[in-house]
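Visitor: Sequence:
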Amino acid sequence: MINCLLCNCQLTQKLTISNIIFPGPLKQPIICSGCFQKFIRYSSEGSCRGCGRKEMNELCDDCQKWRRHYGWYLEHYPLFYYNQAMKDFMQKYKFQGQYHLRGIFYETIKEAIARIKYDILIPIPVTKNTLLTRGYNQVTGMLGDIPYTELIIHQNHQKVAQSKKDRQSRLQTKQPFLLKQGVSLQGKTILLVDDIYTTGRTLYHAATLCYEHGSKRVQSLSLAR
Numbered sequence: 001m002i003n004c005l006l007c008n009c010q011l012t013q014k015l016t017i018s019n020i021i022f023p024g025p026l027k028q029p030i031i032c033s034g035c036f037q038k039f040i041r042y043s044s045e046g047s048c049r050g051c052g053r054k055e056m057n058e059l060c061d062d063c064q065k066w067r068r069h070y071g072w073y074l075e076h077y078p079l080f081y082y083n084q085a086m087k088d089f090m091q092k093y094k095f096q097g098q099y100h101l102r103g104i105f106y107e108t109i110k111e112a113i114a115r116i117k118y119d120i121l122i123p124i125p126v127t128k129n130t131l132l133t134r135g136y137n138q139v140t141g142m143l144g145d146i147p148y149t150e151l152i153i154h155q156n157h158q159k160v161a162q163s164k165k166d167r168q169s170r171l172q173t174k175q176p177f178l179l180k181q182g183v184s185l186q187g188k189t190i191l192l193v194d195d196i197y198t199t200g201r202t203l204y205h206a207a208t209l210c211y212e213h214g215s216k217r218v219q220s221l222s223l224a225r
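Just so you know, we're using UniProt numbering here: the sequence shown kicks off at 1 and counts up by one.
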């Protein structure tokens, strides 16, 4: 018997038309449909074409500010909205060490990434201190066996974690990232992956680093916005 990882109810497999036409091993769900439905999928309709914020304008005020500052804005693809269900999930997975929850969104992430054209997928790194205390990078955990390359290093000079900062403090954060020595991004299209898009400051730091090292194009994807 397999139980839902979130509510512990017993899981059952359902046959679909596809299973009948193309027989083979059934994919075993790891959370129930009731729990999964609490996570709201992102819709691009009526959203900022930059960061995905619900905005009537084509480009929200924040993305316009980023464009004025850098001369470009980040093409970002969120998968879910950051609602209470997502907040509860992140609290368990990211902050309470429940690493067994890492695969809940794997199929959704895999399908989304497959639709994006890129040369190199780079997960946003965590600090060495976070890796020691938490034991894992929540982003690489969610990626599972999706190919990625850890080319960006966190300089680890932050005294306060991003999750504990207010919006203004996040925006004022200095560049925390370095590119690994001997790496060339010249002419490459990069896909950055993070867990949550809040102000965009972290992803813009990473994207700036990629452009400074010759990237042709930088896009980003996050589990939630």
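Check each hint, because a few of them may be wrong.
Unchecked claim - Cut-off 25 Å, straight-line C-alpha distance, at most; resulting in silico cross-link-like pairs (BS3-like, lysine-lysine):
(1) K110 - K174
(2) K54 - K65
(3) K174 - K92
(4) K174 - K117
(5) K180 - K38
(6) K38 - K54
(7) K110 - K65
(8) K128 - K54
(9) K38 - K117
(10) K128 - K38
(11) K128 - K180
(12) K87 - K54
(13) K216 - K117
(14) K174 - K128
(15) K188 - K54
(16) K117 - K180
(17) K65 - K180
(18) K110 - K188
(19) K87 - K110
(20) K92 - K117
(21) K92 - K110
Said to hold, decoys possible - What follows is a list of derived Cβ distance ranges for each label pair:
(22) E212 - Y118: 37 to 43 Å
(23) C7 - R67: 39 to 45 Å
(24) T189 - K65: 20 to 26 Å
(25) K128 - S184: 20 to 26 Å
(26) K110 - G34: 45 to 51 Å
(27) Y81 - K128: 18 to 24 Å
(28) E107 - G187: 28 to 34 Å
(29) E107 - K174: 34 to 40 Å
(30) G34 - R67: 19 to 25 Å
(31) L11 - R41: 31 to 37 Å
(32) R41 - Q98: 19 to 25 Å
(33) Q96 - K188: 33 to 39 Å
(34) Q84 - K180: 36 to 42 Å
Since the hints were made in silico from the structure, they are not lab data. Note that beta-carbon positions come from the ideal geometry of N, C-alpha and C, so glycine has one too.
Visitor: If a hint holds in the structure, say so; if it doesn't, say that too.
Guide: Right, here's what the structure says about each hint:
1. Between the alpha carbons of K110 and K174 the distance comes to roughly 31 Å, so the proposed pair goes past 25 Å and is violated.
2. Distance check on the hinted pair: K54 and K65 sit about 17 Å apart at the alpha-carbon level, within 25 Å; holds.
3. With a C-alpha separation of about 28 Å, the suggested pair K174 and K92 falls outside the 25 Å cut-off, and the hint is violated.
4. Taken as a hint, the K174 and K117 pair is broken in the structure, with Cα atoms around 30 Å apart against an allowance of 25 Å.
5. Between K180 and K38 the CA atoms are separated by roughly 39 Å; this puts the pair beyond 25 Å, and the hint is violated.
6. In summary, the hint linking K38 to K54 is supported, as the alpha carbons are separated by about 19 Å, within the 25 Å threshold.
7. A C-alpha spacing of about 31 Å is found between K110 and K65, which places the hinted pair above 25 Å, so the restraint is violated.
8. Between the alpha carbons of K128 and K54 the distance comes to roughly 34 Å, so the proposed pair goes past 25 Å and is violated.
9. At roughly 30 Å between alpha-carbon atoms, K38 and K117 are farther apart than 25 Å, so this suggested pair is violated.
10. Simply put, K128 and K38 have alpha-carbon atoms about 33 Å apart, too far for the 25 Å limit, and the pair is violated.
11. For the suggested pair K128 and K180, the alpha carbons sit about 15 Å apart, so the restraint of at most 25 Å is met.
12. Distance hint between K87 and K54 is fulfilled; the C-alpha atoms sit about 18 Å from each other, no more than 25 Å.
13. Only pairs whose Cα atoms come within 25 Å are accepted, and K216 paired with K117 is accepted, the gap being roughly 13 Å.
14. Only pairs whose Cα atoms come within 25 Å are accepted, and K174 paired with K128 is accepted, the gap being roughly 17 Å.
15. A C-alpha spacing of about 30 Å is found between K188 and K54, which places the hinted pair above 25 Å, so the restraint is violated.
16. For the hint linking K117 to K180, the alpha-carbon distance of about 23 Å falls within 25 Å, and the restraint holds.
17. A hinted pair counts as satisfied when its Cα atoms are at most 25 Å apart, and K65 with K180 does not qualify at roughly 29 Å.
18. For the hint pairing K110 with K188, the CA-to-CA distance comes to about 21 Å; that is within 25 Å, so the pair holds.
19. The suggested pairing of K87 with K110 holds, with an alpha-carbon distance near 21 Å, which does not exceed 25 Å.
20. Between K92 and K117, the direct Cα distance comes to roughly 32 Å. Violation of the 25 Å bound is thereby established for this hinted pair.
21. For a cut-off of 25 Å, the pair hint linking K92 to K110 stands: about 22 Å separates their Cα positions.
22. For the pair E212 and Y118, the beta carbons lie near 18 Å from each other, so the given range of 37 to 43 Å is not met.
23. For the hinted restraint 39 to 45 Å between C7 and R67, the CB-CB distance of approximately 43 Å keeps it satisfied.
24. For T189 and K65, the hinted distance range of 20 to 26 Å is satisfied, since their beta carbons lie about 25 Å from each other.
25. Judged by the Cβ atoms, the range 20 to 26 Å given for K128 and S184 holds: they are separated by roughly 25 Å.
26. Between K110 and G34, the C-beta spacing of about 23 Å breaks the proposed range 45 to 51 Å.
27. In this structure the hint that Y81 and K128 lie 18 to 24 Å apart at CB is violated, the actual value being about 32 Å.
28. Hint check: E107 to G187, Cβ distance near 32 Å, so the stated range 28 to 34 Å holds.
29. Hint check: E107 to K174, Cβ distance near 37 Å, so the stated range 34 to 40 Å holds.
30. Range check, G34 to R67: about 41 Å between beta-carbon atoms, so the 19 to 25 Å window is missed.
31. About 21 Å separates the C-beta atoms of L11 and R41, a value inconsistent with the hinted range of 31 to 37 Å.
32. The hinted range of 19 to 25 Å is satisfied by R41 and Q98, whose Cβ atoms lie roughly 23 Å apart.
33. Judged by the Cβ atoms, the range 33 to 39 Å given for Q96 and K188 holds: they are separated by roughly 36 Å.
34. As the Cβ distance of Q84 to K180 is approximately 38 Å, the hint placing it in 36 to 42 Å holds.
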